[in-house]
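Line by line, the protein sequences give chains G and P.
If you read the first sequence in our numbering, its first letter stands for residue 1, the second for the next number, and so on.
If you read the second sequence in our numbering, its first letter stands for residue 1001, the second for the next number, and so on.
The hints are simulated quantities; they were obtained by calculation from the structure and are not laboratory data.
Keep in mind that the hints are not guaranteed to be accurate.
Claimed, not checked - Simulated crosslink set (DSBU-like; lysine-lysine; CA at most 35 Å straight-line):
no., chain 1, residue 1, chain 2, residue 2
1, G, K245, G, K200
2, G, K366, P, K1405
3, G, K384, G, K198
4, G, K317, P, K1405
5, G, K67, P, K1301
6, G, K67, G, K24
If you're wondering where the values come from, they're calculated on a predicted model, not measured in any experiment.
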Amino acid sequence: MQLELRGITKRFGALTANDRISLKVEPGQIHSLLGENGAGKSTLMNVLFGLLHPDEGEILINGEVVKFHDSGEAVRRGIGMVHQHFMLVPVFTVAENVVLGFEPTKSLNRVNYKKATEDIRNLSRQFKLEVDPNAVIENLPVGLQQRVEILKALSHDAELLILDEPTAVLTPQEIDALMAIMRSLADAGKSILFITHKLKEVKAIADVITVIRLGQVVGSAEPSASETELASLMVGRQVQLVVEKSAFNPGEDVLEIRDLVVLDDRGLLAVDHVSLEVKAGEVLALAGVQGNGQTELVEALVGMRHVESGTIHLNGKDITNLTPRRALDAGIGHIPEDRQRDGLVLSMSVADNLVLNTPRAAPFAKRGTRNLGAVSTNAEQRVKEFDIRTTSIRSPAGSLSGGNQQKVIVARELSRDPEFLVASQPTRGLDVGSIEYVHNQIIEFRNRGKGSLIVSSELDEVYALGDRIAVMYEGRISGIVNPSISRESIGLLMAGTSMEAAGV
Amino acid sequence: MSNDVVITTDAIEPTEIKPSLWTRYSSANPLMVAALALVLGLVFGAIVIATTTPVVLDAWRGMFDHWNGIPHAVFVTWNNVSAAYRDIFTGSIVDPQTFWHSLTTGKGWTASLTPLSETLTYATPLIIVSIGVGISFQTGLFNIGANGQAVVGGIGGALVGSMIKMPTFIHLPLALVGGIVGGMVCGAVPGVLKAYTGAHEVIVTLMFNYVTYAFLLYMVLSTPFQQPGQSNDISRTIYPTAVLSPLFGSSSGLRVSFGILVAVAVVIFAWWLLDRSSLGFDFRVTGANPLAARASGINAKMVVIVVFLISGGLAGLAGYVQVASTTHYIDGGFLIGDAGIGFTAITIALLGRNRPMGTVWAAILFAALGVGGRNMQALTSIPLDLATVIQSAIVLFVATPVLVKEIFRLKKAPTSLLTLSTTGWGS
């Protein structure tokens, strides 16, 4: 299918999310749409998929102007969308999910499961998307769930597939598999619109790259362009992709974890006898696919989850099973995984959020009464020091962009001058400029001779920050390696292969 | 699929928009919504009057009997609606005629100030209990047991006030403390249960109301507290030393008492607690985002218990203020049914958006509608229930800002979206 967007403009009040965007996707082409968070990618895709209506401009399919009133029409015209967050029913089988809403029926309106299963088998064979039609979704790994989403789109005879940040949740191996699928789909004549902000993937797979920034097309590039060129185009200024680190100069052990056992919310073993140590002046990067116990490990460190057995020592002091308050006071700085859930109170002001976990410390309060003057002074300083872009320190934190929200947390945690920093996915969902900033702050902290544990499922981040890399799989540390190791080996460790088999 | 229509505004630098005066008044800011909800409530009340008053209905039924039947019906409708609202106003705030008479002759001040005095007398305990409820709502705790807490507080205060004899300067404060302690004890139970066992506070506080009624009946019917020589469900009368006496002296004929100063103190305390204290900061963080509160080291158990102590304590104080400024004794019907200030407090706190000053205005409005409604019932054939209808309609409109916005075609608020100020069951 040939798709053309001509001068698509979409406004939300005073904000122009898409400003006269034009692009063209040819049949059998993988067209990559590259842009930071908030550049207008999702808005454009929602316009294309009929979920939003453009204020100006037109959509052409095979040279014919079309108008979509809802997503159903877009589906009928052969557009399929694979959402970033899967739209699958976890307790249904693959077949049930794929036919959901379009079930083949027998007499008396009974669903014809046999035909559904058969159809899916054919479809999987045709596009080499191996998946068992009778498997239940919740038992499948994320990579396979994504295949089901793709199958679902293909089952509606999609000629153009929109993949919205499809790699965010995948392991490196799964990403490779997805790339292969995309290529074979393109070879079969399908057009693919691939939305991402990851430069490596774009270079690996795209035929054409369109970069958008602040709602406008700022240029197109060949896949041969360098990552730095692409990043600069995306951000609009020169960016440093590699964090400059001083030489690794480890000191004494700061954090010692011995035989730690932690359960998850369902009471199942999440952290299985983990032992780790982090030295002063060291960043230990904890890699792993999400859901392998990293979250629970971090929660145990900061006192938010009960430790069943084992010990945690910080500078020789036992900090096992402290309350969050005591853990903070013991000198742990914490950048939580989900900043909006655990890190900020979005309805409260930036100034209040900057003292969220130190409201009683001098000079912010005295004998139970808050010193709002000191809170404001502190906020003014932090905003300047950490370059937090906000209209006012009294604006609610929710009015800030994701990058600036994260800066508020980083500013709060680092200005407390902690002994040890625990950061979970510190740059998730941030744009390249903010990632650069947060990484530099973490490295600066390390250069001051402090230890930190950075949990990340992004390999780029793991490599950029880690002095050593620990890989976690199913609650255990499957290996601790140096950053000189290949991405493939780390990928294997993340998938549970042993150190020997991974060739380490 | 609605959650995919994410309108991302991340990359756009936020710019401060200075709203013009007109946008400020024509946009859906909370104050404007509350004011318009009041207007809508009154309009709704007018419709109820027009459709339920027999005289009005008769006039409309006969609209084709005469050549001027329709104008006559309109006239009758207008007459009845305006009379009802006029009676509510003159009965609760001021009657311009008697007031003018007092101004010109200097006489009859008691008569012309009585409506306002009555409104404030009713508003005083309402303000205190509603602020307590508002504090719990701001923390995300749905304390709907304020009525029971007020009952126990009233009993506690009346026990101190009627069983011990002391000079006023110790006795009155001690009796007020007795009220607070009674409410705290009653509030501590759901607080502790919630903190340590996770029992849902809505269930516990709601059910505890019934426990307190039984306790009340037991108290007013058993020997030490029952009025000596009585077999009715009535308590001893509190000593004059523990009474909140009329503000302008007993000879003034105005009931408004020193209790209003207690309410002022509570308002100042609540303002300090919520806006200035570290403890209140913990409360607000917990209310706005319990997960972030936990991650920031706030002790959730402590917050739950302390909030229930404060909320219950204020309810108890309100209960005793009610006793000490009006009846001076407790009977088996104390705070039951229409007199259940602890239940009215829930709607008042909602209307006042849980803020101390907002609550004050909402409580005065509700008290005025109640007091004025009685006047209306006495002078017209419209029942007091109309006041309740108007109160309910106002709260309904406040709770559905989207509806108000649509009716008046308000623009979106320039600063932040309206948020309902309670979290309810799920929290």
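Status of each hint after checking the structure:
1. K245(G) with K200(G): Within the cut-off at roughly 22 Å; holds.
2. K366(G) with K1405(P): Not OK: K366(G) and K1405(P) at ~43 Å, beyond 35 Å, violated.
3. K384(G) with K198(G): OK: K384(G) and K198(G) at ~30 Å, within 35 Å.
4. K317(G) with K1405(P): violated (58 Å)
5. K67(G) with K1301(P): With a Cα-Cα distance of about 56 Å, the restraint between K67(G) and K1301(P) is violated, given a limit of 35 Å.
6. K67(G) with K24(G): At roughly 17 Å apart (the allowed maximum being 35 Å), K24(G) and K67(G) satisfy the hint.
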